[in-house]
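*Asks:* Sequence:
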Amino acid sequence: MPVRNAAPRQYQSQNVAALVPGRGPLADEYVIVGGHFDHIGRDSATARDPEKGHVIHPGADDNGSGAVTVMEVARRIARQPTNRSVLVVNFSGEELGLLGSSQFADHLPVPKEKVQAMVNLDMVGRLRNDKLIVYGVQTAPELKAIVDSANIAPKLAIAAVGDGEGPSDHAAFYRKDLPVLHLFTDLHDDYHTANDLPDRLNYDGMVRVADFTERVVRALADRPQRLTFTKVQTAAANRPSSRAGTGVYLGSVPDMAAGDVKGMPLSGVRPGSPAEQGGLKAGDIIIKFGGKEITNIYDYTDALGAHKPGDVVEVVVKRGTTEVTLKVTLGQRS
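Sequential numbering from 1 applies to the sequence shown in the numbering used here.
Treat the hints as calculated values from the structure; they're not laboratory data. Certain hints may be false.
[Stated by the list, open to error] Calculated lysine-lysine pairs in the PhoX-like style (CA-CA distance at most 20 angstroms, straight line):
hint, residue 1, residue 2
1, K114, K131
2, K327, K292
3, K327, K281
4, K176, K262
5, K292, K308
6, K231, K112
7, K112, K155
8, K231, K176
9, K155, K131
10, K114, K176
11, K131, K112
12, K262, K292
[Unchecked claim] Pair by pair, the computed Cβ-Cβ distance ranges are:
hint, residue 1, residue 2, range
13, K292, R79, 49 to 57 angstroms
14, T321, K231, 29 to 37 angstroms
15, I152, T321, 20 to 28 angstroms
16, E314, G247, 17 to 25 angstroms
17, G320, Q12, 32 to 40 angstroms
18, R9, F229, 37 to 45 angstroms
It should be emphasised that the depicted structure is a prediction, and the values quoted were computed from it without experimental measurement. Glycine included, each C-beta is placed from N, C-alpha and C at the ideal position.
Let's have the full structure, built from the sequences with the hints guiding it.
*Replies:* Below, the structure is given as structure tokens:
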């Protein structure tokens, strides 16, 4: 039988960065625009499909869509430079725990006090019903107006979320007390599977996201005033987060745009999953899991990770105005 060598292996990878110089007296200040270019590859604990160890996961949306949109915005800015310089970065190691962006934020090539903001593009290739989620709008009081003014006709349906934390590269900069925005067209069933393919991207939608991003970056780079960083006070603030799997599978799909909701709201459940078999539905808000109170997605991740496949867990959800108690048998993440 084949035996896998369990010895740890070390690899070296790089971020890819470029500078679009600004013009005039603000050229020594910077707006950072970035997105990760790595994905989970062939064999990863975060793959969601059963044959994860035998197939390549292309990662067209996660995060080919963000990486190419970063480059498109850079191309446009280079043709008509802004007052502040724009630092463009495609990060490596995001899927392993924000490694590239954390390294970059820890060793900025420019003084931190010269950075106006960081804009992160992660999974922007599946625009549906015009909906674009924008995280971080409360990390500076000026950001909401900038986002609103950038949303011109044909307008996107912006779902604004205040917090600057989260499982993507913007969090590395937010933890350095920098204003951040994260653009995201939401999760889908192909996330972290071999079906995240280029022919499933919404290319017209990506153009709209690029247009919106360009307007946001220009507003950040051209405004005379600096932004005022604000640490967002939420239940999840300052909590580390990760996409890493635990081996336990429920099959719930969190509603990432629900805003400040106590519990973990669901936008859906995956067909045939333990969540569906146990009676969970789109619109439910998980408020207890295995006896543990759930106030946010981080509580849920901790609670799920405390169990093993085959455990029968009592899940309490808020469904409309009613609390419903369900019994769910947890599955094995293949």
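*Asks:* Would you mind marking each hint as holding or not holding in the structure?
*Replies:* Going through the hints against the structure:
1. K114 x K131: violated, 32 angstroms
2. K327 x K292: Roughly 14 angstroms separates the two Cα atoms, so the pair holds.
3. K327 x K281: It holds: about 13 angstroms lies between the C-alpha atoms, which stays within 20 angstroms.
4. K176 x K262: Answer violated: K176 to K262 is near 27 angstroms, above 20 angstroms.
5. K292 x K308: Holds, at about 15 angstroms.
6. K231 x K112: holds, 16 angstroms
7. K112 x K155: violated, 33 angstroms
8. K231 x K176: holds, 10 angstroms
9. K155 x K131: Measuring from Cα to Cα gives roughly 10 angstroms; hence the hint holds.
10. K114 x K176: Satisfied, since the Cα-Cα distance of roughly 13 angstroms is no more than 20 angstroms.
11. K131 x K112: At roughly 32 angstroms apart (the allowed maximum being 20 angstroms), K112 and K131 break the hint.
12. K262 x K292: holds, 14 angstroms
13. K292 x R79: 49 to 57 angstroms: Holds: the Cβ-Cβ distance is about 53 angstroms, inside 49 to 57 angstroms.
14. T321 x K231: 29 to 37 angstroms: holds, 34 angstroms
15. I152 x T321: 20 to 28 angstroms: For T321 against I152, whose Cβ atoms are near 38 angstroms apart, the range 20 to 28 angstroms is violated.
16. E314 x G247: 17 to 25 angstroms: holds, 20 angstroms
17. G320 x Q12: 32 to 40 angstroms: Given range 32 to 40 angstroms: violated, Cβ gap about 52 angstroms.
18. R9 x F229: 37 to 45 angstroms: Distance hint for R9, F229 holds at roughly 39 angstroms.
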